[in-house]
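So the chains spell out like this:
Protein chains: 4
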Amino acid sequence: MELPKAETFQAVRRASVELVAGLSDADMTAQSMPDASPAKWHLAHTTWFFETFILSEFLPDYVCYHEKFKFLFNSYYESVGPQLLRSKRGLITRPSRDEILDYRAYVDKHILSLLKAWPENKTDLHFLLALGLNHEQQHQELLLTDMLHLFAQNPLKPAYKIDKIKPFEKQEMYWLACDNNIYPIGHDGNGFSYDNETPRHEVLLRAFEIASCLITNNEWLGFMGAGGYRNPQFWLSDGWAMLQKENWQQPLYWLQHEGQWYEMTLNGLQVLDLNAPVRHISYFEADAYARWAGVRLPTEFEWEVAMTQHKLEQRQGFDQVWQWTSSPYQAYPGYQIASGAVGEYNGKFMCNQFVLRGSSSATAKNHSRITYRNFFYPHQRWQYTGLRLAR
Amino acid sequence: MELPKAETFQAVRRASVELVAGLSDADMTAQSMPDASPAKWHLAHTTWFFETFILSEFLPDYVCYHEKFKFLFNSYYESVGPQLLRSKRGLITRPSRDEILDYRAYVDKHILSLLKAWPENKTDLHFLLALGLNHEQQHQELLLTDMLHLFAQNPLKPAYKIDKIKPFEKQEMYWLACDNNIYPIGHDGNGFSYDNETPRHEVLLRAFEIASCLITNNEWLGFMGAGGYRNPQFWLSDGWAMLQKENWQQPLYWLQHEGQWYEMTLNGLQVLDLNAPVRHISYFEADAYARWAGVRLPTEFEWEVAMTQHKLEQRQGFDQVWQWTSSPYQAYPGYQIASGAVGEYNGKFMCNQFVLRGSSSATAKNHSRITYRNFFYPHQRWQYTGLRLAR
Amino acid sequence: MELPKAETFQAVRRASVELVAGLSDADMTAQSMPDASPAKWHLAHTTWFFETFILSEFLPDYVCYHEKFKFLFNSYYESVGPQLLRSKRGLITRPSRDEILDYRAYVDKHILSLLKAWPENKTDLHFLLALGLNHEQQHQELLLTDMLHLFAQNPLKPAYKIDKIKPFEKQEMYWLACDNNIYPIGHDGNGFSYDNETPRHEVLLRAFEIASCLITNNEWLGFMGAGGYRNPQFWLSDGWAMLQKENWQQPLYWLQHEGQWYEMTLNGLQVLDLNAPVRHISYFEADAYARWAGVRLPTEFEWEVAMTQHKLEQRQGFDQVWQWTSSPYQAYPGYQIASGAVGEYNGKFMCNQFVLRGSSSATAKNHSRITYRNFFYPHQRWQYTGLRLAR
Amino acid sequence: MELPKAETFQAVRRASVELVAGLSDADMTAQSMPDASPAKWHLAHTTWFFETFILSEFLPDYVCYHEKFKFLFNSYYESVGPQLLRSKRGLITRPSRDEILDYRAYVDKHILSLLKAWPENKTDLHFLLALGLNHEQQHQELLLTDMLHLFAQNPLKPAYKIDKIKPFEKQEMYWLACDNNIYPIGHDGNGFSYDNETPRHEVLLRAFEIASCLITNNEWLGFMGAGGYRNPQFWLSDGWAMLQKENWQQPLYWLQHEGQWYEMTLNGLQVLDLNAPVRHISYFEADAYARWAGVRLPTEFEWEVAMTQHKLEQRQGFDQVWQWTSSPYQAYPGYQIASGAVGEYNGKFMCNQFVLRGSSSATAKNHSRITYRNFFYPHQRWQYTGLRLAR
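Chains as they are written, first to last, in the numbering used here: chain A, 3 to 393; chain B, 3 to 393; chain C, 3 to 393; chain D, 3 to 393.
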């Protein structure tokens with residue numbers, strides 16, 4: 003892997019700031035639930051990441067921007083030190099938006115001067131810098147999902163942005179077949195990947211078929227109409243308990259008004275597009291849909307193999323919604339947790355979560371690949387999550 | 003009671019806006035706990051009060067500023083309609099600070115034109131307008147206590163304002179005696195009062211003595227040093243349970259650093275002034291202190307009688323801290339709840355709370371009187387609350 | 003006060019055991035909620051009381067029955083030592099019913115031998131022994147209310163006993179008047195009383211009227227039919243919150259089946275007797291009823307004065323239901339907490355509770371008097387609680 | 003599969019009753035936590051299983067023992083109907099122990115007469131009867147673990163039984179190697195298995211080694227001494243959160259007294275046997291131990307292959323403790339949920355749980371096999387759970 007270029011660094015960093023162009027200091031400070039973080043916190047935490055793992059390690063005499071930021075903007079790195087309680091992030095009204103931007107500029111300046119002086123043959127910085135940029139891109143998506151969640155709580159239903167919205171076209175679904183075989187799974191080492199995509203290894207799969215399309219809002223209405231949210235036989239036991247506790251009756255951001263279905267989006271409240279992929283559903287809902295339909299969700303291995311073999315066009319493999327797979331998030335055989343604090347990046351979350359594959363309309367450009375493993379808890383719904391069937 | 007003058011109205015309304023001069027939109031939006039509200043919400047809710055109870059009732063053809071504000075800024079008036087869940091107030095990043103100020107200007111303009119046109123002999127507006135202004139002053143104090151609570155959660159310990167701080171002088175305490183007698187209690191009807199201060203009625207009191215001074219921080223340190231927070235014998239059963247649950251070991255905003263005690267204040271973290279009245283203590287703590295000291299808290303009637311008889315100078319009766327009394331907050335004999343929605347102002351809270359008398363350093367000027375009854379739950383600590391002993 | 007006689011002691015102690023005659027070891031062990039205690043625990047705790055406060059203090063060389071019982075059967079006496087967590091009482095399946103009865107016999111034997119040898123002129127035992135017996139009688143009532151609560155949770159609706167049930171007759175209500183005056187309140191020192199009934203003192207009351215009868219089930223149905231449980235205007239704010247949280251729609255033990263109302267009782271599920279006093283209602287419900295009826299609850303002083311003056315026949319003053327008053331449970335002027343552990347009997351609960359007067363059908367005979375002050379939290383409903391109106 | 007013989011049926015049913023020989027009605031009624039059930043409930047629920055799935059289906063004119071038992075003793079079969087809230091099982095003091103035994107006798111009698119009359123060539127009863135017996139055996143183990151949990155809450159630390167205890171001998175650990183290969187996994191259809199052990203299918207495994215022995219108490223003390231419970235780096239993120247919330251510092255039933263470690267067991271409190279396998283640990287603890295030791299837990303496939311190949315003697319493979327594997331509990335490829343209510347037996351729990359292999363000292367005889375998949379949530383500790391390492 004090469005050392006990321008200064009222009010790449012600047013472009014990724016700039017993209018984060020562009021995301022908050024239309025937001026007020028208040029918008030950027032509020033936290034709508036413990037799972038979500040304030041936009042300001044995302045901007046600061048990604049900066050803290052570069053400061054902590056790169057500048058403090060590699061730049062002699064580097065002086066931290068602010069001693070307390072170490073505590074305020076550490077997410078979950080126990081090896082680095084204690085952290086502000088996650089549920090309290092929305093109370094940090096100071097530093098202000100402007101101070102955070104100043105913090106970003108300070109760290110960027112030092113990173114750029116470090117890059118300039120870095121000897122070409124010294125490679126230990128390469129991975130960390132790439133990791134920092136990929137980390138920043140992950141937070142760009144989280145920033146969007148978190149803003150959407152925040153605005154959805156507001157009875158005024160504010161729009162984050164105003165796009166011209168193009169309706170989806172109806173797609174014909176067909177089944178894509180893959181044979182019984184031993185397949186390679188995981189990243190091949192060309193270019194950046196997270197450690198959880200490695201090591202590349204072989205997996206034995208039975209023959210299977212996977213749907214060419216994602217499940218649409220229209221199909222989801224069929225599930226709802228058939229009592230999908232009222233019949234426990236379609237549901238995992240934990241899912242049914244959650245449905246009852248939270249009174250789930252439709253996807254997270256749907257609401258009905260005078261017989262018409264709407265969806266809260268980054269463009270505010272919109273009439274539901276029936277041909278669009280359903281989104282903001284939990285694993286429990288995706289799984290219940292598949293049982294109701296008499297089929298099942300694919301494993302993450304089936305997904306990866308099918309995408310590789312069938313070269314599904316962009317529209318249905320990526321860029322719409324993250325696709326729940328039936329695979330619990332686990333280490334690949336031979337997986338080694340990196341030493342040091344960055345070892346906490348992925349490995350310690352390999353429990354109770356499920357893998358999602360693909361990418362969503364909120365994913366940063368150049369931040370998706372066929373081996374990418376996203377993961378969330380099975381009850382979580384605020385990400386752009388949908389499903390594709392298999393059998 | 004006369005109709006409040008336009009200048010009075012404007013002065014009170016202006017005072018609220020002046021309180022947020024140094025605050026950002028973010029500062030004004032965050033909510034640090036369900037008991038507290040965002041500054042922006044205080045500015046809007048007091049405006050909603052004038053709009054709902056005066057403009058909508060008395061100004062023909064008045065057009066509401068925004069339909070949704072009825073829901074967003076209703077505090078607890080069930081008769082008016084449903085309300086945003088109290089714990090969600092901090093998620094309302096929109097309307098912005100500027101929109102709220104515009105809302106205030108819109109309502110102020112209409113109130114002033116209503117006042118101008120109001121016939122002198124039509125008195126039904128008088129009480130409601132005075133109530134609205136007193137209500138606004140109450141929220142001015144809440145705005146301060148809520149900002150302090152918010153900033154106290156922030157590890158940066160921001161200062162709300164920067165005052166030159168004058169240390170307190172040591173006072174000599176003496177006991178003020180009052181005889182066994184029947185005393186009049188409650189407001190006599192000259193000028194404004196809340197309904198909970200009426201009707202004026204007679205109360206039979208046994209002879210008692212009340213302290214001339216408030217308990218100081220130094221005295222509180224004595225209580226702490228004597229194991230006051232560790233010995234259940236001084237505590238009400240509910241208080242001891244709360245102490246254990248919340249791990250109380252000192253007043254809410256105290257913290258110790260390298261042997262020195264500090265207190266978080268609106269001026270940021272300050273060295274503890276030993277001669278200042280102790281503040282930010284719960285009823286449970288006040289009561290435990292009194293038991294430890296071998297005496298008791300005064301009843302609200304004793305307080306009112308003693309203040310009347312002994313004409314305690316401002317400094318010890320008012321303007322420092324609200325003083326816990328041992329009186330549960332109850333209706334005076336013959337109390338009638340007002341009809342309509344304003345009937346919900348006071349009466350429905352007459353349960354499980356205790357009366358505080360006096361006023362605090364955060365109370366609006368001209369907003370205290372000897373018959374004033376403030377009230378909070380016995381576990382609450384974020385107000386400027388202290389104590390005076392009796393026996 | 004005289005030293006209670008051995009026969010009195012034996013009679014009270016025997017009465018407790020008779021209460022459990024029809025119960026299994028399992029019935030006597032289960033705890034249906036933290037507010038309630040197992041029957042076995044009541045039998046043991048009352049015994050522990052005699053052992054701890056009398057035998058250990060007055061009987062030289064007394065050997066405790068079992069070292070661990072000190073921990074298991076201490077209710078809330080912090081001065082005596084730590085206690086089993088209240089919510090865990092139902093897990094103590096051992097000691098068995100028989101062991102508890104053996105424990106009772108052991109302690110009884112020692113108390114009786116102590117009584118025999120006690121010099122007539124030594125009076126320090128008198129109050130403690132009388133307190134122990136009154137304490138036991140209080141637990142006799144609690145044992146019944148707790149068994150009823152337990153059996154009410156069981157879909158089989160078991161009957162604790164099988165009585166021949168006599169229907170109530172319809173009563174005509176009239177108002178009893180009392181004048182404006184200074185009245186003596188509290189116990190006069192003849193015979194036993196709890197410390198919370200003292201000191202006797204004078205209270206100034208305005209003229210008032212009090213209802214001759216308790217509110218009946220039939221009247222309560224009128225309240226329900228008028229939307230009493232659906233209209234917030236009748237409710238204290240804390241009461242309305244509780245109603246919503248617990249989904250209150252009728253008194254605790256009522257249930258409707260095919261249009262007929264039933265009540266779960268110690269005799270199992272019974273058709274609701276419309277003329278019987280309503281029971282198992284919270285203070286919040288009693289207060290809401292009174293507001294709906296356009297009147298109010300009496301204060302505990304009004305109740306005591308009216309009962310004294312009008313000598314209400316047993317049936318309506320006592321032996322039916324405890325009657326909620328509007329008086330918060332507070333110390334009488336001059337009240338002194340007893341020194342030592344028995345000081346924890348009453349005083350530390352004088353906060354957030356309301357006084358009930360009279361007695362109920364579950365109260366032990368000879369355990370009621372006109373100055374008696376019972377007290378519960380305003381949300382509690384599992385006692386035999388009802389109401390009488392005043393104005 | 004053959005129809006289980008009448009003698010087998012009787013033996014299994016008798017074994018359940020023998021387990022409660024030394025228990026009182028109270029012991030059998032209490033529920034120490036929602037995860038556990040009362041012994042009486044276990045006896046009744048297993049009986050309900052035969053009644054619901056066999057007698058009601060196959061015995062014409064069968065009359066249910068008691069209509070309400072359908073509700074009381076249904077565990078989680080939504081298709082059968084609603085159930086008593088799980089956390090309320092301990093409140094069902096009636097039916098009594100004797101009534102439950104009578105219920106058992108009633109159902110047994112009918113099953114035996116059904117068996118007698120069953121035509122040899124009609125096979126549809128075979129699996130259900132075998133399932134009912136295996137189900138009963140599972141509950142026999144649960145009854146023991148639940149009694150232990152209940153007695154462990156009691157400060158008297160009662161013993162469920164009094165055995166002569168034989169100390170464990172020290173074992174030498176060695177690594178057992180298995181090659182990279184494709185292995186068959188799952189039940190081959192000879193004899194009874196649960197549906198979750200099927201279909202038998204092939205799995206590709208990389209070469210691995212597995213420990214010949216279980217981790218002992220002595221080794222666990224090493225982990226504790228090395229700060230295992232204090233260092234987040236060994237822990238999954240969810241595990242570390244749980245450790246902090248529950249203040250885990252040692253296995254569930256360990257306690258230290260005057261420097262000596264004890265363990266609460268079915269034989270009461272016992273000095274810890276250092277050579278015995280550690281037990282009553284969560285998945286989180288097992289996983290943390292493995293990370294601390296620089297190795298990992300085996301997958302369930304590795305476990306099954308290693309046991310098959312190396313024919314580990316009984317003592318280390320079975321009959322000690324259930325062994326946590328790193329495999330989330332998931333369906334095998336091609337798994338089909340059975341139709342009807344028995345389909346709820348296993349499939350709906352395939353989420354958020356981990357597979358354990360082997361069997362424990364509390365497992366019923368003849369109730370273990372190499373393909374058996376037990377499963378619990380990763381935080382649960384009250385089963386006989388331990389671990390074996392792999393690498």
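Heads up, some of the hints might be wrong.
Which copy? The list can't say, so a pair holds if one copy fits it or any two copies do.
The list that follows gives simulated cross-link-like pairs (lysine-lysine, PhoX-like), each with its CA atoms no further than 25 angstroms apart [said to hold, decoys possible]:
id : residue 1 : residue 2
1  : K124      : K7
2  : K90       : K159
3  : K172      : K313
4  : K70       : K163
5  : K159      : K70
6  : K72       : K159
7  : K111      : K90
Source of the hints: derived by calculation from the structure; they are not laboratory data.
Cross-check of the supplied hints:
With identical chains, the CA atoms of K124 and K7 are at most 25 angstroms apart within one copy only, with a shortest distance of 15 angstroms there and 75 angstroms across copies. Taking the closest pair of Cα atoms, K90 and K159 come within 25 angstroms of each other both inside a single copy (24 angstroms) and across two copies (14 angstroms). In this assembly of identical chains, K172 and K313 lie within 25 angstroms of each other by CA distance solely inside one copy; the values are 20 angstroms within and 58 angstroms between copies. Only between protomers do K70 and K163 lie at most 25 angstroms apart by alpha-carbon distance; the minimum there is 21 angstroms, versus 33 angstroms within a single protomer.
For the identical chains of this complex, K159 and K70 are inter-copy neighbours only, at 11 angstroms across copies versus 35 angstroms inside a copy, given an alpha-carbon limit of 25 angstroms. In this assembly of identical chains, K72 and K159 lie within 25 angstroms of each other by CA distance solely across copies; the values are 16 angstroms between and 35 angstroms within a copy. For a Cα distance limit of 25 angstroms, the shortest separation of K111 from K90 qualifies neither inside one copy, at 30 angstroms, nor across copies, at 39 angstroms.
Violated hint for the displayed structure: number 7, the only one.
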